[in-house]
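S.K.: The lines below spell out each chain.
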Amino acid sequence: MKKSYKFTKLVNIGDIVFISICFGIILFSFFQMINLPRGEYIKIEDGTHNEFVFSLESNVEKKIGGPLGDTIIVIQNNKARIQSSPCNKKYCIHQGWINKINETIVCIPNKISLSIIGKTPSYDSINY
Amino acid sequence: MNLAKFLILIVLFLTGCTQNTTQQYKDYIFGTIIDIKIYDENPKKSEKVANLIFNDFHRLHDYLHPWKPSEISNINDAIKINRWYQIDDPELIEILIDNKELSKKTDNWFNPAIGGLIKLWGFHADLPENKLPSTSKILDYLTNLPTMEDLIIENKMLRSNNKMLQIDLGGYAKGYALSRAKKILLDNNIKNALINIGGNILAVGQPGERFWRVGIQHPRKPRAMATINLLPGWSIGTSGDYQRYFTINKKRYSHLINPNTGFPADNTQSATVLFAPSENSEIKSDVYSKPLFIAPKKFKVELAERLAIKNFLIIFDDGQILISKEMNEAIEWIDIPNEEVLQIH
Numbered sequence: 069m070k071k072s073y074k075f076t077k078l079v080n081i082g083d084i085v086f087i088s089i090c091f092g093i094i095l096f097s098f099f100q101m102i103n104l105p106r107g108e109y110i111k112i113e114d115g116t117h118n119e120f121v122f123s124l125e126s127n128v129e130k131k132i133g134g135p136l137g138d139t140i141i142v143i144q145n146n147k148a149r150i151q152s153s154p155c156n157k158k159y160c161i162h163q164g165w166i167n168k169i170n171e172t173i174v175c176i177p178n179k180i181s182l183s184i185i186g187k188t189p190s191y192d193s194i195n196y
Numbered sequence: 024m025n026l027a028k029f030l031i032l033i034v035l036f037l038t039g040c041t042q043n044t045t046q047q048y049k050d051y052i053f054g055t056i057i058d059i060k061i062y063d064e065n066p067k068k069s070e071k072v073a074n075l076i077f078n079d080f081h082r083l084h085d086y087l088h089p090w091k092p093s094e095i096s097n098i099n100d101a102i103k104i105n106r107w108y109q110i111d112d113p114e115l116i117e118i119l120i121d122n123k124e125l126s127k128k129t130d131n132w133f134n135p136a137i138g139g140l141i142k143l144w145g146f147h148a149d150l151p152e153n154k155l156p157s158t159s160k161i162l163d164y165l166t167n168l169p170t171m172e173d174l175i176i177e178n179k180m181l182r183s184n185n186k187m188l189q190i191d192l193g194g195y196a197k198g199y200a201l202s203r204a205k206k207i208l209l210d211n212n213i214k215n216a217l218i219n220i221g222g223n224i225l226a227v228g229q230p231g232e233r234f235w236r237v238g239i240q241h242p243r244k245p246r247a248m249a250t251i252n253l254l255p256g257w258s259i260g261t262s263g264d265y266q267r268y269f270t271i272n273k274k275r276y277s278h279l280i281n282p283n284t285g286f287p288a289d290n291t292q293s294a295t296v297l298f299a300p301s302e303n304s305e306i307k308s309d310v311y312s313k314p315l316f317i318a319p320k321k322f323k324v325e326l327a328e329r330l331a332i333k334n335f336l337i338i339f340d341d342g343q344i345l346i347s348k349e350m351n352e353a354i355e356w357i358d359i360p361n362e363e364v365l366q367i368h
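Protein chains in written order, with our numbering: chain A, 69 to 196; chain B, 24 to 368.
Bound-form chain A, shown alone (with noise of 0.2 Å):
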């Protein structure tokens, strides 16, 4: 004899709910994805382990604190630079400007950094 399934027996109210998060996460999913700005990031960090992350699109000037005093970071046109910092041999700021992924300067004295960070690094560390 042929089996009849009642829809309310093959599928229960849990799993209507089931089905409906799974929906929600990835309707969620889609729209944070849509809504990422686009483009490379700028990571400052400095001496106490402080991480900063800004879009290269937004045209800003940071001050940064270090040990010696303020370094000031500018993002402008879809790159950075330090334009002035409060060390000795300003070899930081001598770097210029950075804007491809994993392009990075350190200022050792202020103990700051700037690299740039894309949505998937090409490699975890740099020797030097």
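If you are wondering where the hints come from, they were derived from the structure by calculation, not from laboratory data. Model, not experiment: these values are computed from the prediction. Be careful, since some hints might not be right.
Some chain B residues near chain A, calculated using beta-carbon distances under 7 Å [said to hold, decoys possible]: (1) L75; (2) L217; (3) W235; (4) R236; (5) G238; (6) Q240; (7) R246; (8) G256; (9) I259; (10) T261.
The calculated EDC-like cross-link candidates involving lysine to aspartate or glutamate, where the alpha carbons are at most 16 Å apart (straight line), are [claimed, not checked]: (11) A:K157 <-> B:E152; (12) B:K179 <-> B:E117; (13) B:K49 <-> A:D114; (14) B:K49 <-> A:E119.
Not the full set, but computed from the structure, chain B residues with beta-carbon under 8 Å of chain A [stated by the list, open to error]: (15) T55; (16) G139; (17) L143; (18) E152; (19) N219; (20) V237; (21) P245; (22) T250; (23) Q266.
Glycine included, each C-beta is placed from N, C-alpha and C at the ideal position.
Dock chain B against the given chain A, drawing on the hints supplied.
M.R.: Relative to chain A, chain B alone:
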């Protein structure tokens, strides 16, 4: 479907979403950045182990520092006045014996006895002093050039007949610290990590299915010129003229000083060596980049062969590249000026 089944499904579903994460820890020690990445571990445990490593590095820094008060500076003070010095710590005796052996193996191209010469060039300071020493002082120094052979170690006692001998372990300390970090990681059962001490890197295990990937710094641009997979246990080190240097009249003077001329080596921009895991391979990945950087161009290949450095990459002063066959196969170039500059050995 009852509630229990529903909850189990939700848990399974969410478990599928979790990613194996990498925890990252940073500190400033040895005058440089220390970067520790630990893969797929309990964050509390990772943090604890990273702190154990940082604490050990602080201990080494205070203990081996060449010019601030330390055990090494005490030894140097005793040598200056021709006194015996008693070392109670077996670790330090082992380090000094290791340095004697390494300098002998490298024909003193790696010479940690020339602290006095490094000081003369103004590199015994957090920032280079930016002044040239007088040539007569350098020549004077060379007439009695100290080497590690001049260091006499008898049981726990140490002295030297050469008062010019001043130990500077700047070319050894980072490699030694890497070997210490490896021990701490393994003792604490951390299986996958990447340790970077001012550019000297050791891979422990691997992050999941792939290998740890490392960029090799371009000596004249603020980015990597190549990338390479660092297999489990492998370590990589570079000596470059672009980290500690000063310029006078557009000439660059780096901290890598040729013990035979008394002047900073200027035939090379960077020398990178890569070592498979073996006894003291982390130390070799730090120490052996120095002879390859400092020695004259015509000696470099012979030196690499004699020291069994299978993987090396040297960028000469004019941008020409000398690379070993093995390294050339392992490396992936990002920014190579042109193929003509590549010389494969």
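S.K.: Determine for every hint whether it applies to the structure shown.
M.R.: Against the structure, the hints:
Evaluation of the B:L75 hint against chain A yields a violated restraint, the C-beta minimum of about 17 Å exceeding 7 Å. Checking B:L217 against chain A by beta carbon gives a least distance of about 6 Å; that is within 7 Å, so the hint holds. Annotation: interface hint on B:W235 holds; nearest CB of chain A at approximately 5 Å, less than 7 Å. Against a cut-off of 7 Å between C-beta atoms, the interface hint on B:R236 holds, since the closest Cβ of chain A lies about 4 Å away.
Here the hint on B:G238 is kept, as its CB sits about 4 Å from the closest CB of chain A, short of 7 Å. The interface hint given for B:Q240 is met, as the beta carbon of that residue sits about 4 Å from the closest beta carbon of chain A, less than 7 Å. Against a cut-off of 7 Å between C-beta atoms, the interface hint on B:R246 holds, since the closest Cβ of chain A lies about 4 Å away. Residue-level restraint check for B:G256 is violated (minimum Cβ-Cβ distance to chain A is 16 Å; threshold 7 Å).
About 5 Å separates the beta-carbon of B:I259 from the nearest beta-carbon of chain A, less than 7 Å, and the hint is met. About 5 Å separates the beta-carbon of B:T261 from the nearest beta-carbon of chain A, less than 7 Å, and the hint is met. Of the pairs offered as hints, the one joining A:K157 and B:E152 holds, with about 10 Å between alpha carbons and a cut-off of 16 Å not exceeded. Note on B:K179 and B:E117: the hinted pairing holds, with a Cα-Cα distance of about 11 Å set against a maximum of 16 Å.
In summary, the hint linking B:K49 to A:D114 is supported, as the alpha carbons are separated by about 10 Å, within the 16 Å threshold. Restraint check for B:K49 and A:E119: satisfied, since their Cα atoms lie roughly 11 Å apart, inside the 16 Å limit. With 8 Å as the threshold, the beta carbon of B:T55 comes within range of chain A, its nearest partner Cβ sitting at about 6 Å, so the hint holds. Against a cut-off of 8 Å between C-beta atoms, the interface hint on B:G139 is violated, since the closest Cβ of chain A lies about 24 Å away.
Annotation: interface hint on B:L143 violated; nearest CB of chain A at approximately 20 Å, more than 8 Å. Nearest Cβ of chain A to the Cβ of B:E152: about 11 Å, over the 8 Å cut. The hint is violated. Hint status for B:N219: holds, given a least beta-carbon distance of 5 Å to chain A, under 8 Å. A cut of 8 Å between beta carbons decides the hint on B:V237: the least distance to chain A is about 5 Å, and the hint holds.
The beta carbon of B:P245 comes within 5 Å of a beta carbon in chain A, closer than 8 Å, and the hint placing it at the interface holds. Annotation: B:T250 was flagged as interfacial toward chain A, and the flag holds, the nearest CB pair being 5 Å apart, inside 8 Å. The criterion of a C-beta within 8 Å of any C-beta in chain A is met by B:Q266, whose closest approach is roughly 7 Å, and the hint holds.
Of the numbered hints stated above, those contradicted by the structure are hints 1, 8, 16, 17, 18, listed in ascending order.
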